[in-house]
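*Asks:* Here is what each chain is made of, one letter per residue.
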Amino acid sequence: MTTTAQPATAAGTAEVVGGTARGEVRRRRRRAKNPGSHLLVYVLCVIWIFPIYWMLNTSFKAPADILSTTPAFLPSPPSIQNYIDAFTKAGFISSLLNSLGVTLATVVVSIALGFLASAALTKFRFFGRRAILITIICVQMIPGTALLIPLFLSFKSLGLLNNYAGIVLAYVATVLPFSIWVLRSFFLALPDEIEEAAKVDGASTWRILRSIYLPLVLPGLISTSVFAFINAWNDYITAYVMLEDQSKYTLPVWLVSFSTNEGTDYGGLIAASVIFSLPVVIFFVLVQRNLVSGMSAGAVKG
Amino acid sequence: MSSDTSQMNARGIAPTGADAGRGSHPPRGSARRRRWVAPVILMAPAMVVLAVILGYPLVRLVLNSFQDFGLHALFTGQNEWIGIANYTAIFTDSDFLPVIGRTLVFTLGLCVACMVIGMAMAQLMTRVGGFTRMLLSFILILAWALPTVSSTLVWQWLFQPLYGVFNWVITRLGVFGDYTEHSWTSEPFQAFAIVFILIVWQAVPFVALTLYAGQSQISSDYYEAAMLDGATGWRIYRSVTLPFLRPVLYLVAILQVIWHFNTFNQLWILTQGGPNGKTTTLSIWSFQKAFASNSFGQGSAIAIVTALMLMVITFFYIRRLVHSGEKL
Amino acid sequence: MWRKHYLAAGAVGLAAALALTACSSGSGGGGDGGSSTTLDVWLMQNTLTPASQKQLEQKFEAKTGAKLKISIQQWDDINTKMTTALATDTPPDVVEIGNTDVPLFAANGALADQTAEKSKLAGGSTFLTGLEGPATVDGKMYAAPFYAGARGVIYNTDLWSKAGITAPPTSWDEFTADLDKVAATDSAPDFSPVYLTGTYWYGGFTFVSDAGGSIATEKGGTWTSGLTSPAAQKGLSQFKAFQNKYSTTASRTAPLDTPDPNAVFGTGKTSVIFGNGNSVATILSTYPALKGKVGTFALPSENHPGKASPTYLGGSDLGIAAKSKNLALAKKFIALITSRSVQIDQLVKLDGHMPVTTKLLDEATPEVSPVLRAFYTAGKKSYSTPAAPGWATIETDQSVLAFFSEVAAGTSTPEQSAQTFSAHLTKALNANQ
Chain A
0 MTTTAQPATA
10 AGTAEVVGGT
20 ARGEVRRRRR
30 RAKNPGSHLL
40 VYVLCVIWIF
50 PIYWMLNTSF
60 KAPADILSTT
70 PAFLPSPPSI
80 QNYIDAFTKA
90 GFISSLLNSL
100 GVTLATVVVS
110 IALGFLASAA
120 LTKFRFFGRR
130 AILITIICVQ
140 MIPGTALLIP
150 LFLSFKSLGL
160 LNNYAGIVLA
170 YVATVLPFSI
180 WVLRSFFLAL
190 PDEIEEAAKV
200 DGASTWRILR
210 SIYLPLVLPG
220 LISTSVFAFI
230 NAWNDYITAY
240 VMLEDQSKYT
250 LPVWLVSFST
260 NEGTDYGGLI
270 AASVIFSLPV
280 VIFFVLVQRN
290 LVSGMSAGAV
300 KG
Chain B
0 MSSDTSQMNA
10 RGIAPTGADA
20 GRGSHPPRGS
30 ARRRRWVAPV
40 ILMAPAMVVL
50 AVILGYPLVR
60 LVLNSFQDFG
70 LHALFTGQNE
80 WIGIANYTAI
90 FTDSDFLPVI
100 GRTLVFTLGL
110 CVACMVIGMA
120 MAQLMTRVGG
130 FTRMLLSFIL
140 ILAWALPTVS
150 STLVWQWLFQ
160 PLYGVFNWVI
170 TRLGVFGDYT
180 EHSWTSEPFQ
190 AFAIVFILIV
200 WQAVPFVALT
210 LYAGQSQISS
220 DYYEAAMLDG
230 ATGWRIYRSV
240 TLPFLRPVLY
250 LVAILQVIWH
260 FNTFNQLWIL
270 TQGGPNGKTT
280 TLSIWSFQKA
290 FASNSFGQGS
300 AIAIVTALML
310 MVITFFYIRR
320 LVHSGEKL
Chain C
0 MWRKHYLAAG
10 AVGLAAALAL
20 TACSSGSGGG
30 GDGGSSTTLD
40 VWLMQNTLTP
50 ASQKQLEQKF
60 EAKTGAKLKI
70 SIQQWDDINT
80 KMTTALATDT
90 PPDVVEIGNT
100 DVPLFAANGA
110 LADQTAEKSK
120 LAGGSTFLTG
130 LEGPATVDGK
140 MYAAPFYAGA
150 RGVIYNTDLW
160 SKAGITAPPT
170 SWDEFTADLD
180 KVAATDSAPD
190 FSPVYLTGTY
200 WYGGFTFVSD
210 AGGSIATEKG
220 GTWTSGLTSP
230 AAQKGLSQFK
240 AFQNKYSTTA
250 SRTAPLDTPD
260 PNAVFGTGKT
270 SVIFGNGNSV
280 ATILSTYPAL
290 KGKVGTFALP
300 SENHPGKASP
310 TYLGGSDLGI
320 AAKSKNLALA
330 KKFIALITSR
340 SVQIDQLVKL
350 DGHMPVTTKL
360 LDEATPEVSP
370 VLRAFYTAGK
380 KSYSTPAAPG
390 WATIETDQSV
400 LAFFSEVAAG
410 TSTPEQSAQT
420 FSAHLTKALN
430 ANQ
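Protein chains in written order, with numbering that gives the first Met the number 0: chain A, 0 to 301; chain B, 0 to 327; chain C, 0 to 432.
A few of these clues could be false.
Under 7 Å between C-beta atoms, here's a sample of chain A residues computed to sit facing chain C [unchecked claim]:
#	residue
1	VAL45
2	GLN80
3	PHE123
Have a look at the derived ranges for each label pair, beta carbon to beta carbon [to be verified]:
#	chain 1	residue 1	chain 2	residue 2	range
4	A	ILE281	C	ALA166	55 to 63 Å
5	C	PRO287	B	MET310	53 to 61 Å
6	B	GLN77	C	PRO188	18 to 26 Å
To be clear, the hints were calculated from the coordinates, so they are not data collected in a lab.
Just so it is clear, CB atoms sit at the ideal spot from N, CA and C, and this is done for glycine as well.
Using the sequences and the hints given, assemble the complete structure.
*Replies:* Listed below in structure tokens is the structure:
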């Protein structure tokens with residue numbers, strides 16, 4: 000059994016490198032890839048990148064060049080004034096650090112809780128299991144804005160206002176139903192034989208979870224961690240309402256400070272949005288690597 | 000929900016960490032004990048968080064919908080019970096039916112568009128080389144990662160009547176006529192259209208990447224077996240990919256329904272429910288009642304009606320989802 | 000109880016996660032601010048410059064011996080945050096509230112009554128209408144005026160002199176004649192003599208008010224929309240005619256801030272915008288090339304020759320939370336704020352705002368740069384938004400923007416638009432919140 004990860008599969012492919020006998024089929028699959036698919040993918044790339052390109056393009060335009068009836072497709076001359084404005088805006092560093100802390104805590108906690116709960120909900124049969132599954136998906140159907148006031152009132156009673164633990168728990172609770180459901184489908188896709196083989200070897204539930212399931216559902220964990228990250232990172236209203244001290248504000252609250260009663264500093268805002276999106280991109284690049292190693296671990300099963 | 004969890008806690012707290020591991024050892028101990036203890040321990044943390052952080056506010060939300068709950072109640076803590084008055088106020092509102100209709104059509108359109116494009120994209124990703132795939136997934140994650148507030152602002156800018164690049168491009172194309180200074184938000188259909196494109200742009204990455212992650216879990220053995228049988232393209236997709244993908248597919252579809260039904264930010268920033276209330280959906284309506292008119296009671300009632308409608312719409316699929324893939 | 004559940008959860012390996020949340024929560028130490036020696040004050044973004052904030056803290060400490068803790072808030076969703084914060088048992092002691100939003104909180108028991116202090120605070124003068132009006136509900140004053148910001152006409156003197164105009168207009172006819180001349184100098188498709196969005200309701204009501212109309216009137220506790228009256232209709236038509244003739248087509252339905260009017264002005268794509276003293280400051284700091292080329296004047300009245308049009312008076316009031324435990328200290332703070340030393344030496348000189356009484360306005364006029372004086376003239380004659388909590392509904396749901404935008408775009412006639420909007424307005428103003 001070879002477990003070689005393919006360097007070319009950085010985006011995480013499951014093309015498991017198996018025994019040499021499969022070489023023939025693999026070659027056939029390679030050939031099967033047609034140029035039409037490539038062309039289509041590149042067209043999609045252009046469509047999806049355009050708004051982001053436009054955002055970057057705008058962010059490097061001098062304030063005076065942003066308003067132009069003949070759009071400039073490249074900033075000329077490029078200016079980093081917007082970025083200087085953004086970086087020097089009060090509260091940037093502290094809100095960046097706060098956001099990172101809150102978001103990472105949310106990711107860790109929600110992945111851990113989601114993994115354990117979805118394992119329980121798929122690998123065990125007990126009374127109320129389906130009811131729980133249905134309940135947590137229905138919880139998601141309540142519009143988020145409607146929950147704001149009740150959430151605030153209960154945080155008030157629980158003493159969780161103006162407190163990072165409260166914010167993290169609020170985010171965890173928001174992403175958990177989703178995480179559990181996504182991970183559940185990953186668990187369900189695993190063949191039962193693996194667990195049975197491990198049981199025959201005398202492995203404990205805990206060991207099966209850690210050494211067998213964890214690596215196998217890693218793609219699911221990556222997917223839910225990205226979701227948790229983006230949710231926690233982007234929230235404005237919960238953070239703004241629940242946190243009182245300015246020193247505790249997160250990045251989205253800082254982002255909003257670009258639009259005031261007196262108008263919106265559009266250049267600064269767009270540059271700030273770029274800066275704001277960077278950690279998410281970095282996070283994705285980071286988990287991407289784990290995704291590949293997770294895949295190669297998954298290859299064991301083949 | 001809360002009774003479920005209290006039961007779980009009672010059992011969950013009892014064993015220590017070490018016990019929990021040992022307690023779930025398969026051959027020893029009674030089978031009964033094993034069946035209960037392990038899942039309860041595993042689920043306890045998640046269920047506690049959900050019960051306390053979501054369950055409690057949910058109960059409050061339901062109670063509020065039967066109260067005259069406005070600013071006065073909030074500041075003074077005095078709530079007056081008014082029975083189903085909030086609900087009758089909503090149902091008899093002349094806006095009610097148009098709002099529901101709009102929400103349903105908008106949601107359906109978005110779900111179909113996002114699912115079709117997302118599935119096609121996920122499949123395309125399995126058919127192209129590593130670099131191309133990486134490029135697309137990187138671009139998709141960028142689109143997905145962009146904060147809604149920023150992407151909505153970019154949208155506002157792209158479709159800005161005078162300075163927007165979109166009007167400039169389609170005017171240059173010459174096919175559609177002169178769109179100089181054309182305002183996309185002053186006519187309901189067009190206003191919906193630009194919000195629609197924005198949401199598809201934002202939501203497809205999630206669908207495509209999740210489905211692709213799901214597809215990547217399918218062992219290549221199955222594909223190879225199918226290929227050795229002489230199956231190609233579409234048939235492999237139908238006979239191998241789709242059956243394996245079904246649980247993920249159902250889940251993604253249901254989440255799409257739920258999320259699109261509750262679309263708020265994009266609509267609010269781009270149209271504020273206008274022109275003339277013609278793009279007001281349930282979530283905008285709920286927000287307007289709760290936060291603009293400060294009638295939190297009516298806002299809560301709309302939220303509950305929303306959730307009930309969603310439950311009815313998705314009931315069949317959720318049932319199938321719960322049963323699908325379960326071999327237990 | 001919470002911790003205990005979590006420890007149970009630790010059994011399955013969550014200790015690390017717990018540590019993460021627990022230590023981040025420990026750092027704050029609870030900002031209850033209920034201590035008798037610290038006054039917890041919420042001010043809005045850009046209200047005070049950092050230097051001015053420091054001065055205020057020092058003055059307060061010198062005067063009372065107590066400490067001042069100022070938290071800066073963002074305008075976006077401030078009403079939601081304020082609403083929830085005022086509902087707690089440990090609210091901030093003093094909060095800055097945008098003048099038109101005061102009734103929302105005043106009428107619902109969130110703010111302490113300050114009527115007894117009123118004459119003392121006004122220092123023998125009278126508060127500006129646009130600030131005091133909305134803060135007065137059922138004859139009681141629930142918030143003290145903090146600072147004002149009148150809107151006037153901001154113009155590019157360079158572009159105007161190119162059109163052969165050397166002095167600001169003194170009458171409406173002169174104003175429109177000047178604009179015609181400016182329009183003739185530049186035919187670029189995105190140049191317009193005026194940039195005024197259809198959503199600019201502050202300006203819209205200026206026209207309504209100048210024509211003798213009113214937004215709404217109260218009689219025996221019931222509000223009635225005034226927008227369908229012939230006078231208001233005349234004003235709406237005048238607004239539409241002016242907007243349509245001198246601003247771009249795209250601006251009829253453009254949001255208030257996209258594109259940012261300051262940027263449209265700063266990049267020379269228009270010669271006139273409507274704004275306040277802060278707009279001038281923002282323009283000059285973003286577009287330093289315009290230094291010395293920005294002029295201002297109060298908008299001449301279209302219907303009353305020789306007079307100025309009533310302006311929208313923006314600004315803020317200061318409310319004391321009804322549940323504040325530092326009521327006496329909070330009153331001392333407000334007395335300090337309305338004193339000459341803060342009003343003139345800080346708010347006028349450091350922060351670019353306008354003072355809150357007519358007397359202080361007169362005293363401050365010589366102190367400010369000539370470019371700002373026009374706003375002082377304009378500020379003396381202001382219209383006020385209805386002192387009903389429902390007014391905040393109209394602003395929050397943005398129906399007031401949609402209304403003027405509809406009028407400007409001509410999707411329906413001013414009469415039809417006013418009919419629809421009036422029904423909504425009347426309902427909102429009379430709603431029991």
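*Asks:* Work down the list of hints and note, for each, if the structure agrees.
*Replies:* Hint check:
Evaluation of the VAL45 of chain A hint against chain C yields a violated restraint, the C-beta minimum of about 25 Å exceeding 7 Å. Proximity of GLN80 of chain A to chain C is violated relative to the hint, the smallest CB-CB distance being about 10 Å (cut-off 7 Å). Hint status for PHE123 of chain A relative to chain C: violated, with the closest Cβ pair at about 14 Å, above 7 Å. For ILE281 of chain A and ALA166 of chain C, the hinted distance range of 55 to 63 Å is satisfied, since their beta carbons lie about 58 Å from each other.
The hinted range of 53 to 61 Å is satisfied by PRO287 of chain C and MET310 of chain B, whose Cβ atoms lie roughly 59 Å apart. Our hint of 18 to 26 Å for GLN77 of chain B and PRO188 of chain C is violated, since their Cβ atoms are close to 59 Å apart.
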